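S.K.: Single-letter residue listing:
There are 2 protein chains.
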Amino acid sequence: MAKKKTSIKDIAEALGISITTVSFIINGKAREKRISEEMTQKVTDYIKKIGYKPSHLAQSLRLGKSRVIVFMVEDISNQFFASIARLIEEKAYKNGYKIIYCSTDNDVNKAKELISTFKMRNVDGFIITPTPDLETTIISLMEEEQALVLFDRWIPELDTSYVVVENQKSAKEATLHLIDQGSKNIGFVTVDSNQTQMLDRLAGFQEAITEKGSNQETLKISPFIIEKKQISLHIQDFLTMHPSLDALFFSTNYLAFEGLLALAALGKKIPEDIKILSFDDHYLFNLYQPKITSIEQPLEAIAEKLMESILGQLDAEAPSKPPQKVVLPNKLNIRESSLKGF
Amino acid sequence: MAKKKTSIKDIAEALGISITTVSFIINGKAREKRISEEMTQKVTDYIKKIGYKPSHLAQSLRLGKSRVIVFMVEDISNQFFASIARLIEEKAYKNGYKIIYCSTDNDVNKAKELISTFKMRNVDGFIITPTPDLETTIISLMEEEQALVLFDRWIPELDTSYVVVENQKSAKEATLHLIDQGSKNIGFVTVDSNQTQMLDRLAGFQEAITEKGSNQETLKISPFIIEKKQISLHIQDFLTMHPSLDALFFSTNYLAFEGLLALAALGKKIPEDIKILSFDDHYLFNLYQPKITSIEQPLEAIAEKLMESILGQLDAEAPSKPPQKVVLPNKLNIRESSLKGF
DNA sequence: TTGAAAGCGTTACCAG
DNA sequence: CTGGTAACGCTTTCAA
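As they're listed, the protein sequences go chains A and B.
Start counting the first sequence at 57; every next residue gets the next number (the working numbering).
Start counting the second sequence at 57; every next residue gets the next number (the working numbering).
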């Protein structure tokens with residue numbers, strides 16, 4: 057494949073000077089090393105002429121840094137992760153870093169394998185949404201002093217940097233809103249896993265319920281259901297088993313979409329028959345009739361903090377700080393689906 | 057950062073043997089090089105014990121291959137691209153390749169810069185949705201005999217591998233369906249650009265119109281409109297200016313979503329007042345009331361062909377084939393939004 | 001002001 | 001069967 061690439065050596069030979077000189081000039085150390093103006097000029101001109109680009113690979117090997125950051129999420133085709141990815145990518149490129157994405161499917165073994173292969177690629181930093189049981193691997197990453205930041209969920213036992221949102225607080229607030237709108241019997245539909253963000257959302261929900269003495273039912277959908285259709289059917293069953301439910305809180309948007317389908321199948325009217333609301337805003341919540349109330353995570357801020365944290369750890373100049381633990385506020389977008397008088 | 061990593065040299069020293077031997081064993085050439093069973097055993101045991109992993113960086117430098125493929129799309133947060141990315145990623149990992157994603161925003165300069173920086177990272181292959189005016193860069197890639205495959209759109213003048221879908225045929229078929237359902241005056245809403253896929257869709261639409269002698273109007277939305285709201289307003293204007301339109305064909309799903317918003321604002325009923333249909337299926341088209349008719353691209357097949365093509369080019373064993381030009385069929389999902397009697 | 005050479009971690013050729 | 005060593009492309013120390 058690919059024609060032989062010109063190397064720094066070729067340049068040196070062509071110009072009849074040493075590799076060192078070329079290297080210094082390329083790396084902007086001409087001044088510092090007091091290389092003559094004309095030499096510098098000659099070299100830069102030649103480089104521009106032949107369009108030489110140094111090999112990042114060789115640089116990485118030599119310097120022990122690759123300027124690559126891994127962004128490891130549950131599923132990159134998920135809108136939430138894809139959006140963050142997009143924002144991260146932008147900020148990374150601006151700082152001379154590249155991003156490698158990968159999806160874990162929330163499978164520990166896949167995650168472990170991925171981390172191991174990335175370590176041997178000398179990536180500089182890891183941004184990870186941890187799968188269950190990933191503690192030991194994360195610990196080894198910490199021991200090796202790798203730049204690391206968790207997001208979306210974190211591991212309570214570990215003292216790592218992370219960026220998450222106020223799951224519990226927002227879930228509580230949203231639940232209170234539902235109660236405030238007259239809901240007396242609220243169903244919480246979530247995914248059956250012990251990821252912190254899901255647990256916190258449930259906790260927030262229950263806190264509100266307890267506080268106000270309302271009734272509640274909870275449906276935990278197995279994360280192993282691949283076929284979406286199944287999810288919708290589960291929700292239908294849930295609704296028929298608990299006919300008195302007058303509101304539904306979905307812990308994440310894809311569950312809400314399935315819920316919408318279930319509700320339509322049962323001929324339930326939103327919000328007259330049943331009010332609904334979901335965590336994780338989605339562009340289409342604003343489009344659906346009625347518009348769906350939801351809790352919006354601050355994508356931009358999450359990406360910002362993530363990069364700030366990882367870049368901070370990567371900055372050799374800066375003194376190494378203690379792990380940064382960032383918890384960002386969400387925004388409750390109240391729309392038609394949860395309103396009493398609508 | 058990171059503790060000193062153990063290298064092949066450390067292993068050789070620790071075991072009192074040569075680097076070469078270790079290297080052979082690691083690379084499974086023990087048999088071939090007729091290294092003794094016990095030596096092999098000793099080394100593999102030791103490697104397992106200390107958990108040694110070879111440096112991919114050094115391997116890449118040495119071998120001139122990085123086992124990295126770049127996936128360069130317009131916008132990775134777009135559902136279509138994110139879904140393909142997910143599928144590609146899976147297939148790549150299975151073959152020992154990693155994927156680096158990046159978004160061009162359909163901006164030539166960004167694309168050029170990206171390609172240049174990836175070249176110096178010795179990536180092995182490029183999967184690209186070309187931006188306008190990217191010809192020269194693509195040509196230089198071809199001259200360097202880089203593994204390359206375009207997708208979503210391609211560059212007619214260039215003899216590259218590509219994977220696209222039957223845009224024209226499907227658009228025509230969909231338009232005929234609309235006419236068949238009694239539409240007499242169809243509006244085509246597209247993005248104002250000369251990307252091949254959009255042009256082909258328009259061509260297919262017009263072909264059907266001409267063939268059947270129907271009426272048509274076309275609205276081209278500038279790709280520079282960032283604010284979605286604006287798009288929706290444009291569509292509203294379009295509809296009020298052409299009140300006789302009885303069907304709308306959206307060339308891509310995000311335009312359809314905005315169209316839905318516009319239609320709702322104008323109080324138009326689908327499909328009674330106006331029928332609609334869109335290119336690029338979306339999970340939510342099936343959820344909306346009424347369900348939206350759309351043309352579904354074969355994501356899985358696209359990803360499959362893309363990887364097949366790039367891996368084929370990367371396979372040193374295989375004789376270099378002429379560029380593979382793949383055109384995949386789509387599927388017209390007829391749903392409620394385009395049906396007469398609904 | 002410039003150059004020689006070591007070294008980053010591998011692979012693979014050539015000896016023995 | 002095993003080992004020495006050049007080379008991949010670069011940075012950087014030390015020397016001139």
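No lab work stands behind these hints: they were computed from the structure.
Any given hint could be a false lead.
Just so you know, same-sequence chains aren't split out, so a pair can sit in one copy or run between any two.
[Said to hold, decoys possible] No farther apart than 35 Å at their CA atoms in a straight line, the calculated lysine-lysine pairs in the DSBU-like style are these: (1) Lys225 - Lys325; (2) Lys61 - Lys284; (3) Lys65 - Lys285; (4) Lys65 - Lys147.
Being a predicted model, the structure only gives us computed values, none of them experimental.
S.K.: Which constraints among the numbered hints does this structure fail? Numbers only, ascending.
M.R.: Result: hints 2, 3 break, sorted rising.
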